[in-house]
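Residue numbers (our numbering), protein chains in the order written: chain A, 18 to 284; chain B, 18 to 284; chain C, 18 to 284.
Wrong hints could be hidden among the right ones.
[Stated by the list, open to error] In silico contact screen, one side only, chain C against chain A (beta carbon under 8 Å); selected entries:
#1 Leu28
#2 Ala53
#3 Ala61
#4 Thr93
#5 Ala94
#6 Ser98
#7 Val102
#8 Asp277
#9 Asp278
#10 Ala281
[What the hints assert, rightly or not] Cβ-Cβ distance ranges computed for the label pairs, FRET-style:
#11 B:Val155 - C:Val155: 54 to 64 Å
#12 C:Gln258 - A:Pro284: 33 to 43 Å
#13 C:Ala105 - B:Glu169: 50 to 60 Å
#14 C:Ala136 - A:Val166: 33 to 43 Å
#15 B:Asp277 - C:Pro233: 27 to 37 Å
#16 A:His132 - C:Gly111: 26 to 36 Å
#17 C:Gln258 - B:Val166: 54 to 64 Å
#18 C:Val166 - B:Ala105: 48 to 58 Å
It should be emphasised that the hints constitute simulated quantities derived from the structure, not laboratory data.
Where a beta carbon is used, it is the ideal one built from N, C-alpha and C, also for glycine.
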Amino acid sequence: MNQVTAFSGRLAAPHLDRLRAAQPLVHCLTNSVVTAFNANALLAVGAAPAMVVAPEEAGPFAAIAGALLVNVGTLTAEQASAMRVAVASARQAGTPWTLDPVAVGVLAWRTAFCHELLAQRPRAIRGNASEIMALAGVAAGGRGVDSLVGSEAALAAARQLAEASGAVVAVTGATDFITDGRQTLAIAGGDARLQQVTGTGCSLSALVAAFTACVPDGVQAAATACALMKLAGETAARTSQGPGSFAVALVDALANLRGDDLAARWP
Amino acid sequence: MNQVTAFSGRLAAPHLDRLRAAQPLVHCLTNSVVTAFNANALLAVGAAPAMVVAPEEAGPFAAIAGALLVNVGTLTAEQASAMRVAVASARQAGTPWTLDPVAVGVLAWRTAFCHELLAQRPRAIRGNASEIMALAGVAAGGRGVDSLVGSEAALAAARQLAEASGAVVAVTGATDFITDGRQTLAIAGGDARLQQVTGTGCSLSALVAAFTACVPDGVQAAATACALMKLAGETAARTSQGPGSFAVALVDALANLRGDDLAARWP
Amino acid sequence: MNQVTAFSGRLAAPHLDRLRAAQPLVHCLTNSVVTAFNANALLAVGAAPAMVVAPEEAGPFAAIAGALLVNVGTLTAEQASAMRVAVASARQAGTPWTLDPVAVGVLAWRTAFCHELLAQRPRAIRGNASEIMALAGVAAGGRGVDSLVGSEAALAAARQLAEASGAVVAVTGATDFITDGRQTLAIAGGDARLQQVTGTGCSLSALVAAFTACVPDGVQAAATACALMKLAGETAARTSQGPGSFAVALVDALANLRGDDLAARWP
Numbered sequence: 018m019n020q021v022t023a024f025s026g027r028l029a030a031p032h033l034d035r036l037r038a039a040q041p042l043v044h045c046l047t048n049s050v051v052t053a054f055n056a057n058a059l060l061a062v063g064a065a066p067a068m069v070v071a072p073e074e075a076g077p078f079a080a081i082a083g084a085l086l087v088n089v090g091t092l093t094a095e096q097a098s099a100m101r102v103a104v105a106s107a108r109q110a111g112t113p114w115t116l117d118p119v120a121v122g123v124l125a126w127r128t129a130f131c132h133e134l135l136a137q138r139p140r141a142i143r144g145n146a147s148e149i150m151a152l153a154g155v156a157a158g159g160r161g162v163d164s165l166v167g168s169e170a171a172l173a174a175a176r177q178l179a180e181a182s183g184a185v186v187a188v189t190g191a192t193d194f195i196t197d198g199r200q201t202l203a204i205a206g207g208d209a210r211l212q213q214v215t216g217t218g219c220s221l222s223a224l225v226a227a228f229t230a231c232v233p234d235g236v237q238a239a240a241t242a243c244a245l246m247k248l249a250g251e252t253a254a255r256t257s258q259g260p261g262s263f264a265v266a267l268v269d270a271l272a273n274l275r276g277d278d279l280a281a282r283w284p
Numbered sequence: 018m019n020q021v022t023a024f025s026g027r028l029a030a031p032h033l034d035r036l037r038a039a040q041p042l043v044h045c046l047t048n049s050v051v052t053a054f055n056a057n058a059l060l061a062v063g064a065a066p067a068m069v070v071a072p073e074e075a076g077p078f079a080a081i082a083g084a085l086l087v088n089v090g091t092l093t094a095e096q097a098s099a100m101r102v103a104v105a106s107a108r109q110a111g112t113p114w115t116l117d118p119v120a121v122g123v124l125a126w127r128t129a130f131c132h133e134l135l136a137q138r139p140r141a142i143r144g145n146a147s148e149i150m151a152l153a154g155v156a157a158g159g160r161g162v163d164s165l166v167g168s169e170a171a172l173a174a175a176r177q178l179a180e181a182s183g184a185v186v187a188v189t190g191a192t193d194f195i196t197d198g199r200q201t202l203a204i205a206g207g208d209a210r211l212q213q214v215t216g217t218g219c220s221l222s223a224l225v226a227a228f229t230a231c232v233p234d235g236v237q238a239a240a241t242a243c244a245l246m247k248l249a250g251e252t253a254a255r256t257s258q259g260p261g262s263f264a265v266a267l268v269d270a271l272a273n274l275r276g277d278d279l280a281a282r283w284p
Numbered sequence: 018m019n020q021v022t023a024f025s026g027r028l029a030a031p032h033l034d035r036l037r038a039a040q041p042l043v044h045c046l047t048n049s050v051v052t053a054f055n056a057n058a059l060l061a062v063g064a065a066p067a068m069v070v071a072p073e074e075a076g077p078f079a080a081i082a083g084a085l086l087v088n089v090g091t092l093t094a095e096q097a098s099a100m101r102v103a104v105a106s107a108r109q110a111g112t113p114w115t116l117d118p119v120a121v122g123v124l125a126w127r128t129a130f131c132h133e134l135l136a137q138r139p140r141a142i143r144g145n146a147s148e149i150m151a152l153a154g155v156a157a158g159g160r161g162v163d164s165l166v167g168s169e170a171a172l173a174a175a176r177q178l179a180e181a182s183g184a185v186v187a188v189t190g191a192t193d194f195i196t197d198g199r200q201t202l203a204i205a206g207g208d209a210r211l212q213q214v215t216g217t218g219c220s221l222s223a224l225v226a227a228f229t230a231c232v233p234d235g236v237q238a239a240a241t242a243c244a245l246m247k248l249a250g251e252t253a254a255r256t257s258q259g260p261g262s263f264a265v266a267l268v269d270a271l272a273n274l275r276g277d278d279l280a281a282r283w284p
């Protein structure tokens, strides 16, 4: 029950191809640093991003979207209102929603808000080790938006959080772990430059949301997103001269990779 | 009267060269996803972008700007207040203002706001077919920020909207139509990758605003902006490997194209 | 006492290497146009950017950050509240804070706010000539975010502002001047394309803040940041085809330059 299974690109391949065909509408309530990058990452994989941010509009829009992303990186009181409305509407409409609990545990205000949202049954949660541990209530302590420990250290917390919340939990790092509390997949790979560009983690959460719109199995949905970002990072690293050109090549790679590429990388 | 005339790059060429010489100050109240891209697109064509967003400052600034852009993509109540103040000030000062009614018709709140703004005599309106139809009151129904129908389907609505509002209306798509209700120009061309990068439509609206600052003929102003974006897209497509590198090359092309290039492309 | 000394890359070289080793946490309250670019510039030089924007969180976060950046480019009332709280907290905790007074002097509201902040002992102030002159109370008159005069014209104002505020003042342009009122360094160089990309000045202010976190001498901290941006601009210009590819190459250069490169450029 506590085993970890290696990710299979062969199993994931159809999910990516399905996403490109389905072009799901992804409602993003995300942080102000990464809006454009999140939108371009979603467009690159074939999804249709829409940032509808006002409390007056977030509810109706979440109900018609294929998936909802909630990222608390630059949380404000007004944004929290919009998130509450959108999450309630998504839950009622059956729209799966994904939580990116940026820097939870570092600051009391967003920590309380994230715990409040947890009760609203997210389909998926994506964070680094510090964030997942803080959300699970075991230890805390990130540094700003960065984790101070490796993803392995958060595996038990991730399982515990998944069981308690009912969400699939993806704890990402050098190795990504994706778990629903019973089944756990591990994905090694990626590239260190993913840490040198702002918004790659946030964009990964947006991709997780996109996959939940068209892949019913939550572990498969989140894992396919994680693998796609790792492979895009590896691809981009081969042609870039620094983090600026890496970010550009990353978006190109997200657009150009197909299911077959996942299958070939993780056979 | 209902004829459509082909766009002439030869006629438009001097407008682009005039814009680069005049370097108009363009006040942007735009959505939070595209602020940087809008600013860089404006800088590329020689304009001076300025995002002055507070209700406390938007009025005085609109009065000294050469043009004002109002884009409701991520409308909030506070932003709506700033837009009301800026538009009123622009109108009083004689500053031409351009409306980008993102996703109007999809959500009731912004739809009501856009109709309210319409009464304030915009110089230009730029939208996709769904948006222009919704604003004209004929049918509706986009999907998020995307149009579900081609630009041809909105031509009658565009003419009707132009006559009712007094604005030049640009309905953009595979073919762009620019009309003041009497004269209508058509511009074919562009590249499909323009749809795969967030903010290209919004940046086109920013360019429309910039041209209204120095080209008195509204149809010519809007059409030159549309043609420039199409040609920049075609140029960028030739050297890019995906939407990331396309977006970079698009900004390069916007900076490097000259009036002669418009004349050569649409002789 | 009013002499100007040429910047020494040899003296500055260890500061850059120290920044990359120290990886200071830089709390940014910056404008909505440049958030991503500021974050990527900071990541490129090895700093850890964090945009914690709510009044509810800005105070505690400023206290644990290595440096704080306050940029008023898209000031709102809520952001002003967060800035007040963050600056007070930074001052109490001994966190150095840097002011970028974007467009001060052009609009009364932000001008009053900047003067209010001035009393809170910023470690550094970075602006163009018009901004520094307006902040010093001598003449005013920028045009939007652009200066209408060269940096030399603001040198006396910069010295006066430094003496009155206790801050190191960097007035940037074709030649950058960095002064604490007694010592003044001058740095020539850079590239005109730095003016054609939005947020390069704002990102320079973010780099100034980062250097204040690990270089005790304020003049050396600010001057190293200015020199680094100029050299990155020169480097990027050699491989770019327009402002789009220039911005990408600029981030690459910020990541790849080392202390030795500063020493070689300004021996």
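(request) Would you list, in rising numerical order, the hints stated earlier that this structure does not obey? (result) Those not satisfied are hints 1, 4, 5, 6, 7, 8, 9, 10, 15, 17, 18.
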